[in-house]
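Number of protein chains: 2
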Amino acid sequence: MKKNINIAVVGLGQIGIYLLNELNNKKKEIELKTGKTITVVAVSAKNRNKKRKFKFDKKIFFENPLTIFKHQKIDILFEAIGLSDGISKKVVETALKNKIHVITPNKALISKHGNYLAKLAEDNKVNLEFEASVAGGIPILRSIKEGLATNKINKVYGILNGTSNYILSEMENLNDSFSNVLKKAQALGYAEPGNPKLDLNGFDAFAKVRILSSLAFNTKISKYKCLMEGIENIELKDIEIANQLNLRVKLLGISELINNKLFETVHPCLVSKKSYIGNVNGVMNAVILEGKPVGESVLQGEGAGPGPTSSSLLSDLLSILRGNIKKPFGVANSKLKKIKHYNVNNYVNSLYLRFEVKDKPGVLSKITNRLAKFRISIKQLIQTPDKKNNKATIVIITHKTTEQNSTNCLSIFKKDKNILQSPKLIRLYN
Amino acid sequence: MKKNINIAVVGLGQIGIYLLNELNNKKKEIELKTGKTITVVAVSAKNRNKKRKFKFDKKIFFENPLTIFKHQKIDILFEAIGLSDGISKKVVETALKNKIHVITPNKALISKHGNYLAKLAEDNKVNLEFEASVAGGIPILRSIKEGLATNKINKVYGILNGTSNYILSEMENLNDSFSNVLKKAQALGYAEPGNPKLDLNGFDAFAKVRILSSLAFNTKISKYKCLMEGIENIELKDIEIANQLNLRVKLLGISELINNKLFETVHPCLVSKKSYIGNVNGVMNAVILEGKPVGESVLQGEGAGPGPTSSSLLSDLLSILRGNIKKPFGVANSKLKKIKHYNVNNYVNSLYLRFEVKDKPGVLSKITNRLAKFRISIKQLIQTPDKKNNKATIVIITHKTTEQNSTNCLSIFKKDKNILQSPKLIRLYN
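Here the protein sequences come in this chain order: A and B.
If you count by the numbering used here, then the first sequence holds residues 950 to 1379, one letter each, in order.
If you count by the numbering used here, then the second sequence holds residues 950 to 1379, one letter each, in order.
Hints should not be assumed to be uniformly reliable.
No copy is singled out in the list; a pair is fine if it fits within one copy or between any two copies.
Claimed, not checked - For lysine-lysine, the following PhoX-like pairs were computed, each having C-alpha atoms within a straight-line distance of at most 25 Å: (1) K976 <-> K1002; (2) K977 <-> K1289; (3) K1336 <-> K1315; (4) K951 <-> K1074; (5) K1284 <-> K952; (6) K1287 <-> K1186; (7) K1286 <-> K1276; (8) K976 <-> K1241; (9) K1048 <-> K1328; (10) K1276 <-> K952; (11) K1284 <-> K951; (12) K1004 <-> K1101; (13) K952 <-> K1275; (14) K1284 <-> K976; (15) K1174 <-> K985.
Bear in mind the hints are in silico, worked out from the structure with no lab data behind them.
Chain A extracted, bound-state conformation (with noise of 0.2 Å):
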């Protein structure tokens, strides 16, 4: 690789700008720790005028990003549009066709065309890097192609979600609703403005699931959509009965081999209060990992915003700059493994139900003849009458049941009219 690198960012949003500066910032430090020199000679986004949080030289501008690959001579690429398709996908394949690295922080594009992109990459010989892409700040890509290479992985999980691990750290904290608490993390910056739903309804998380089990057990990346469940529908007094119990509500992202079979899933759990994952709060990410002979790795940081995002992006670029030709996915994209899916119908969990019920006599004793029709056996019984309004709310932590097992006893109760609304359901993380 030559000495002078050239770079072009496109996407000046939150990241692409928080970018760019510490581009401009640490130019010395990486020619000390690579021996190249960078300058960036491109940069491309929407709006040439809008307000941004630091300054750039509007001389090396292009509108159109697809413009720049004519004008510049582009070494290496930052993609920070954010798209999974469009013009996010359409300047990568671009550049990667131009012989052009490219580093992004799109976990969307990444695991939607992820494969697509690395054989894309492979072909012309150059890098597709996106650290950034999964858990923020923390380099756990790295570490599962690199520092724990040669480990068998089994599993794989953890909060990958800082959005909605810090809705629900906040809401145990400030005692205050789902929809309070999501206006205060849009306020400072957590959640978009526009639409948070990708975050909220568990997409996200999905989306770095995927990614992650494709690195740890070298597949491809899996388009099947197993159980994904966001926290939209967590309410606070489900926050408040966990807290009773001793457990605290947390979105995880799990991936697992089961009998050779891939299981993904994202969905809330409970969790001890006393577990570790249990005690990762805030806009914090963590990820665990099963693997041998290494034991459990646990690896926790920062996983949103520019600043945790911006350590990961550079470091790809340092990982360029090195001169380390790598696979995108570890290994050559040919020799990733396609794979079955785990039956969702079989996958085992201690339940968390709460009914909210008219206090009527029987009412109880038609929820528990139910539970035990199909074979739900009950761990713990708390039910809390609400008399001035004449009702009662039922919480019942159940032993193990199959995913299968539940959806269809719980379809039971719906069609109930002294079950006040549509039972809800926690699964307990063991």
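Guided by the hints, dock chain B onto chain A, whose structure is given.
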């Protein structure tokens, strides 16, 4: 790099023999991930016929590791003898001079001769890799050199000695004495049967601190012996009292820049039972790193034993096989800075002080008066009488004071006949 790679393993203790077995078992996976085939062509140990956990091919055995170089063409050598000098140093030197890549878990060697050996490796354009020398299976060195490469690191600290952490945890769990738990640790293979001293007096953790400092701050490895204390003087009584105070004793290694000066230390700390670090128990290690812009990053995993160590040794192997020629300390040896040391006298902590005294009037006031004279103010005081023996235990938690002040103050107590043993001091970690 050519396709077929010859490997030598020198040292067939617990780690060497496990590594050898892993190398034999993971050939296919290594080929998948690197495109290279490996062959172990030489092994060496003191005793050919010692009983070992795994078998090896005696035909490639060499009694004197220095003769390997004459008889076999070696590309990569693993040094797993573990001495800071002598044959360990000689073998590594000889290998590097012969343009053979070296991988070692030997923290004693690297913390003492790392800069010299790194220069030797750089001059000969080969790798010297030592991921396994710090925190076992945790890919902490690689994370600092690569995953977090452009962060400005201010502090790195953690639990770096699995043996000490195991002993402290078990003293609490089993309510048993230091010496009994040490025997158990030795029986389980966590502590050296012969000489566990280097684990228990803090030396092992200090060697790791030195390596971490160098990587985190891009400085030459320090030779300065700052404050080093192990766990050998921790008594069950201190653990019990800590427990009552909702604290836990942990041996921490700390490396920090204070006013641009390097402060390195290893000593037992009292940490909150609710803190993250207070819940890293047993043989687990944890490293916490404070960097900008990444924020606080935590890496946790098994810190000792042949499994985790082999995981790191093989990650080094893959790095070399993938053709990543890298500076052993992240930047060229000539670019590593020398750095001044922070004066330990200015180190500030709250203190736990335990006095065993004669139960006589005036003893307590003498202690508190002396503390007052040194302007050490008291935050909490617990006096527990032992009427039967006419003794009392006085535990004092102080507000923050300097190391110099506490040393001067405590030295006086040693002369007091009413104070029955040297006051016990454990620093509180803020």
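To see whether the hints hold, each was checked on the structure:
Taking the shortest Cα distances, K976 and K1002 sit within 25 Å of each other inside one copy (20 Å), while across copies they are farther apart (51 Å). Taking the shortest Cα distances, K977 and K1289 sit within 25 Å of each other only across copies (22 Å), while inside one copy they are farther apart (48 Å). Taking the shortest Cα distances, K1336 and K1315 sit within 25 Å of each other inside one copy (20 Å), while across copies they are farther apart (63 Å). Proximity of K951 to K1074 under the C-alpha cut-off of 25 Å is found in both arrangements, the shortest distances being 16 Å within a copy and 19 Å between copies.
When the C-alpha separation of K1284 and K952 is checked against a cutoff of 25 Å, the pair qualifies only between copies, where the shortest distance is 18 Å, while the shortest distance within a copy is 33 Å. For the homomeric pair K1287 and K1186, neither the shortest alpha-carbon distance inside one copy (42 Å) nor that between copies (57 Å) is at most 25 Å. For the identical chains of this complex, K1286 and K1276 are intra-copy neighbours only, at 15 Å inside a copy versus 34 Å across copies, given an alpha-carbon limit of 25 Å. Proximity of K976 to K1241 under the C-alpha cut-off of 25 Å is restricted to the inter-copy arrangement: shortest distance 16 Å between copies versus 39 Å within a copy.
For the identical chains of this complex, K1048 and K1328 are neighbours neither inside a copy (60 Å) nor across copies (65 Å), given an alpha-carbon limit of 25 Å. For a Cα distance limit of 25 Å, the shortest separation of K1276 from K952 qualifies both inside one copy, at 23 Å, and across copies, at 17 Å. Only between protomers do K1284 and K951 lie at most 25 Å apart by alpha-carbon distance; the minimum there is 21 Å, versus 31 Å within a single protomer. In the homo-oligomer, the alpha carbons of K1004 and K1101 lie at most 25 Å apart only across protomers (22 Å), although the nearest pairing inside one protomer, at 46 Å, exceeds that limit.
In the homo-oligomer, the alpha carbons of K952 and K1275 lie at most 25 Å apart both inside one protomer (20 Å) and across protomers (17 Å), since each shortest distance falls under that limit. Taking the shortest alpha-carbon separations for K1284 and K976, only the inter-copy value of 16 Å comes in at or below 25 Å, while the best intra-copy value is 37 Å. With identical chains, the CA atoms of K1174 and K985 are never at most 25 Å apart, being 43 Å at best within one copy and 36 Å at best between copies.
Comparing the model with each earlier hint shows violations of hints 6, 9 and 15; every other hint is respected.
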